[in-house]
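S.K.: Read off the chains here:
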Amino acid sequence: MARRSGSPFIGFGAVFVKELADHLGSSRMFVLEWLVLLTGIGAVYTAISDLKTTTASDPFVFLRLFTHARDPLPSFIAVLAFLVPLMAIGLGFDAINSEFNRRTMSRILAQPIYRDALLLGKFLAGLATLAIALVMLWLLVVGFGLITLGVPPSGAEVSRGIGFLVVALFYGGLWLTVAILCSVLFRSAATSALVALGLWLLATVLWPLIVQFAANAIYPPNAVTLLLGGGPSLGQVELQQTLSRVSPSTLFDESVLALLHPATRALGPVFMSQLEGSVMGAPLPFGQSLLLIWPQATGLVAGTIIVFVFAYIAFQRQEVRA
Amino acid sequence: MSEVVLSAKGLSKWYGPIAAVSGVDLELHRGEILGMLGPNGAGKTTTILMLLGLTEPSSGTIDVGGFDPIRAPLEVKRRVGYLPDSVGFYDNLTARQNLRYTARLAGLPREQAEAGISAALKRVGLDEVADRGMRTLSHGMRQRLGLAEVLMKGVELAVLDEPTSGLDPQASFDLLDTIRGLKADGTAVLLSSHLLDRVQAVCDRVALFHRGKIVLEGTVPDLARRVFGGVYIFELDLEGDVDAPSLFAALPGVRQATAADGTVRVLADRDVRAELARAAVAAGAALHRLVSVEPSLDAIYRHYFEGRHGTA
Ligand SMILES: Nc1ncnc2c1ncn2[C@@H]1O[C@H](COP(=O)(O)OP(=O)(O)OP(=O)(O)O)[C@@H](O)[C@H]1O
Ligand SMILES: [Mg+2]
Numbered sequence: 001m002a003r004r005s006g007s008p009f010i011g012f013g014a015v016f017v018k019e020l021a022d023h024l025g026s027s028r029m030f031v032l033e034w035l036v037l038l039t040g041i042g043a044v045y046t047a048i049s050d051l052k053t054t055t056a057s058d059p060f061v062f063l064r065l066f067t068h069a070r071d072p073l074p075s076f077i078a079v080l081a082f083l084v085p086l087m088a089i090g091l092g093f094d095a096i097n098s099e100f101n102r103r104t105m106s107r108i109l110a111q112p113i114y115r116d117a118l119l120l121g122k123f124l125a126g127l128a129t130l131a132i133a134l135v136m137l138w139l140l141v142v143g144f145g146l147i148t149l150g151v152p153p154s155g156a157e158v159s160r161g162i163g164f165l166v167v168a169l170f171y172g173g174l175w176l177t178v179a180i181l182c183s184v185l186f187r188s189a190a191t192s193a194l195v196a197l198g199l200w201l202l203a204t205v206l207w208p209l210i211v212q213f214a215a216n217a218i219y220p221p222n223a224v225t226l227l228l229g230g231g232p233s234l235g236q237v238e239l240q241q242t243l244s245r246v247s248p249s250t251l252f253d254e255s256v257l258a259l260l261h262p263a264t265r266a267l268g269p270v271f272m273s274q275l276e277g278s279v280m281g282a283p284l285p286f287g288q289s290l291l292l293i294w295p296q297a298t299g300l301v302a303g304t305i306i307v308f309v310f311a312y313i314a315f316q317r318q319e320v321r322a
Numbered sequence: 001m002s003e004v005v006l007s008a009k010g011l012s013k014w015y016g017p018i019a020a021v022s023g024v025d026l027e028l029h030r031g032e033i034l035g036m037l038g039p040n041g042a043g044k045t046t047t048i049l050m051l052l053g054l055t056e057p058s059s060g061t062i063d064v065g066g067f068d069p070i071r072a073p074l075e076v077k078r079r080v081g082y083l084p085d086s087v088g089f090y091d092n093l094t095a096r097q098n099l100r101y102t103a104r105l106a107g108l109p110r111e112q113a114e115a116g117i118s119a120a121l122k123r124v125g126l127d128e129v130a131d132r133g134m135r136t137l138s139h140g141m142r143q144r145l146g147l148a149e150v151l152m153k154g155v156e157l158a159v160l161d162e163p164t165s166g167l168d169p170q171a172s173f174d175l176l177d178t179i180r181g182l183k184a185d186g187t188a189v190l191l192s193s194h195l196l197d198r199v200q201a202v203c204d205r206v207a208l209f210h211r212g213k214i215v216l217e218g219t220v221p222d223l224a225r226r227v228f229g230g231v232y233i234f235e236l237d238l239e240g241d242v243d244a245p246s247l248f249a250a251l252p253g254v255r256q257a258t259a260a261d262g263t264v265r266v267l268a269d270r271d272v273r274a275e276l277a278r279a280a281v282a283a284g285a286a287l288h289r290l291v292s293v294e295p296s297l298d299a300i301y302r303h304y305f306e307g308r309h310g311t312a
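Protein chains in written order, with my numbering: chain G, 1 to 322; chain D, 1 to 312.
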């Protein structure tokens, strides 16, 4: 392709502002936020009623607000792990195809902007909406905790909480790009939403099953170890973990585990010899936890970039005529 | 002639093995109006999209105000206003907000944009509905809003793809006025339309598209000469029980005579008005009207496509 002149970011601001305003004012966003809010409040409320008794003894009581679960209610992070992708897909599944269906695409692309600005503006506006919603929820949970628990969060808790927020945003960003890619590939918004949701189900529900099945098939459990009450072989565990990390939901779960359970020391199999001299159950400093999840977090970002590039290429090649 | 705003040479577009456009040459000057005609699927919209840089040509070169739409698309799009054949707007915004968004994308300074938007809305007669939601606007109003967008942008070249579709008669006459206004401001206008009389009324030149090629190009009298050769056309209104077509067809110099809706149309090699009148009266008919007609674009178009396959 011939080299083109002019910045790809001309018009980006205009697109961003319009899309953000659209998202924040849309009934879709309103519904999603209330959904998250209500389930979140339910989860946090039960957590608080359980936690009140341990406030004094637990140094990370604020983090428990996020992670505590009591049957049959899930924990707040379990709710988020479920609803963040849903929200992201809800924000992105009709990003591009709606412009075609409303017949605004040719009018917009006849203005002096590159398609880059349109795609990036839409992505970042979706991400900003997600960020606003997550920050609001986060503040709500912390505020709720402050009032009911009556102790302020420690510095470590705040930084871990913010770390969690950032990881949740990365995770949402990945599903947002997946949804935007679908909106480029499929002209019908319903198809696009369905495919995006299908991919999400595949990654969160089906993939772990497939992985377990595959690992079992490749490293069949040894009859003797089974008789002796042993677990699966190391090879099987490692294969299973490697494969399962293809799914962004695994990356997210692992990151959240390390961030919100400060005692987490490793995200893979650990040998007894490696634990020699360690104080079991002692929390890791925040920096060490960050190091632990670094690969997971960069994995999520890298995935986002790769999917975005695919969406970009597909969009560039598209005919403007609907 | 004055400065060239648009020039295209050897423009072609292939969709797989099908040539949507093949070897189209176009030139447009400041303040000139060129009409694009042709059957459905003749390649008008495809040509327009290539001129705007919205579709990459398979071959050929384009120059819009000194810029190539592929290499410098932003420069071209700053200079060109486009009204698509099916124009849509954001339903959750008002008419004015829709134009505001386009103005921001076009990089117009805020104050200039506000003034331009109000002026453009007034010019297309939408100032009263400007702050109502898009949902309350009719199809024709949307079409006019699309035109307002082109006016607001203040461009050197306005490309209008079927701007008259869906307009009521009064609105389409107003549209012609607006287009003449653009011409007066020195804007070149490229417009495609199926309303031949409207095209004839406003265009300086017309280009007739057929199967991806321009088969005829020039002023309307030019085309008439080329399509009809040196033919004279007369129309007569007769009253009386006569078989006018066969009566006139027998006269020397007459090539063809047809009757439709009480009006007889005669094609002849020379001015046969005297003979026609005499023959009609001799046959006992009352002659109400006898005129020599300049071939309309409509007649040219139909004559050209008669015998050829009407559609591509
Ligand atoms: N994306 C595409 N893929 C394949 N063929 C296409 C595509 N777009 C247009 N065509 C073909 O290109 C030809 C020209 O279409 P075009 O839209 O330019 O016609 P037109 O002159 O604008 O017709 P109309 O008067 O109906 O608007 C048609 O035969 C059409 O089928
Ligand atoms: Mg067309």
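Please keep in mind that the hints were generated in silico from the structure rather than gathered at the bench. Heads up, a few of these hints could be off.
With a cut-off of at most 20 Å between alpha-carbon atoms, the simulated SDA-like pairs for lysine to any residue come out as follows [to be verified]: (1) K18(G) to G133(D); (2) K18(G) to R96(D); (3) K18(G) to Q97(D); (4) K183(D) to K213(D); (5) K18(G) to S2(D); (6) K9(D) to G65(D); (7) K18(G) to K183(D); (8) K18(G) to R100(D); (9) K18(G) to E111(D); (10) K18(G) to R104(D); (11) K18(G) to G107(D); (12) K122(D) to R180(D); (13) K183(D) to E27(D); (14) K213(D) to R226(D); (15) K183(D) to A285(D); (16) K18(G) to L93(D); (17) K18(G) to N92(D); (18) K9(D) to R104(D); (19) K183(D) to G218(D); (20) K18(G) to E306(D); (21) K122(D) to L167(D); (22) K183(D) to S22(D); (23) K183(D) to D197(D); (24) K122(D) to E111(D); (25) K18(G) to K213(D); (26) K18(G) to A113(D); (27) K9(D) to E27(D); (28) K213(D) to G65(D); (29) K52(G) to L140(G); (30) K18(G) to A250(D); (31) K213(D) to Y232(D); (32) K183(D) to S2(D); (33) K213(D) to E162(D); (34) K213(D) to G133(D); (35) K18(G) to D131(D).
Using C-beta positions, here's what the derived DEER-type ranges look like [what the hints assert, rightly or not]: (36) L35(G) to V4(D): 42 to 48 Å; (37) R180(D) to R102(G): 30 to 36 Å; (38) D127(D) to L140(G): 26 to 32 Å; (39) P221(D) to R102(G): 55 to 61 Å; (40) V135(G) to D131(D): 32 to 38 Å.
It should be emphasised that the depicted structure is a prediction, and the values quoted were computed from it without experimental measurement. A virtual CB, placed ideally from N, CA and C, is assigned to each residue, including glycine.
S.K.: Taking 20 Å as the top limit, are the C-alpha atoms of K122(D) and R180(D) close enough?
M.R.: It holds: about 16 Å lies between the C-alpha atoms, which stays within 20 Å.
S.K.: For a C-alpha distance cap of 20 Å, please report whether K183(D) and S2(D) respect it.
M.R.: holds, 13 Å
S.K.: Holds or violated: 55 to 61 Å for the Cβ distance of P221(D) and R102(G)?
M.R.: violated, 43 Å
S.K.: With 30 to 36 Å as the target window, see if R180(D) and R102(G) comply at their CB atoms.
M.R.: holds, 31 Å
S.K.: Given the hinted pair K18(G) and R104(D), is their Cα-Cα distance within 20 Å?
M.R.: Answer holds: K18(G) to R104(D) is near 10 Å, not above 20 Å.
S.K.: Take the C-alpha atoms of K183(D) and E27(D), compute the straight-line distance between them, and say whether it is at most 20 Å.
M.R.: With a Cα-Cα distance of about 16 Å, the restraint between K183(D) and E27(D) holds, given a limit of 20 Å.
S.K.: Check whether the Cα positions of K18(G) and E111(D) lie no farther apart than 20 Å.
M.R.: Measuring from Cα to Cα gives roughly 19 Å; hence the hint holds.
S.K.: Under the criterion that the straight-line Cα-Cα distance not exceed 20 Å, is the pair K183(D), S22(D) satisfied?
M.R.: violated, 29 Å
S.K.: When you check the alpha-carbon spacing of K9(D) and R104(D), does it fall within 20 Å?
M.R.: violated, 33 Å
S.K.: Are K18(G) and D131(D) close enough, with their CA atoms no more than 20 Å apart?
M.R.: holds, 17 Å
S.K.: Holds or violated: are the alpha carbons of K213(D) and R226(D) at most 20 Å from each other?
M.R.: holds, 17 Å
S.K.: Compare the distance between the alpha carbons of K18(G) and S2(D) with 20 Å, and conclude whether the hinted pair is satisfied.
M.R.: Between K18(G) and S2(D) the Cα gap is close to 41 Å, so the pair fails against 20 Å, i.e. violated.
Consistency note: the structure conflicts with the earlier hints numbered 4, 5, 7, 15, 18, 20, 22, 25, 28, 30, 31, 34, 36, 38 and 39.
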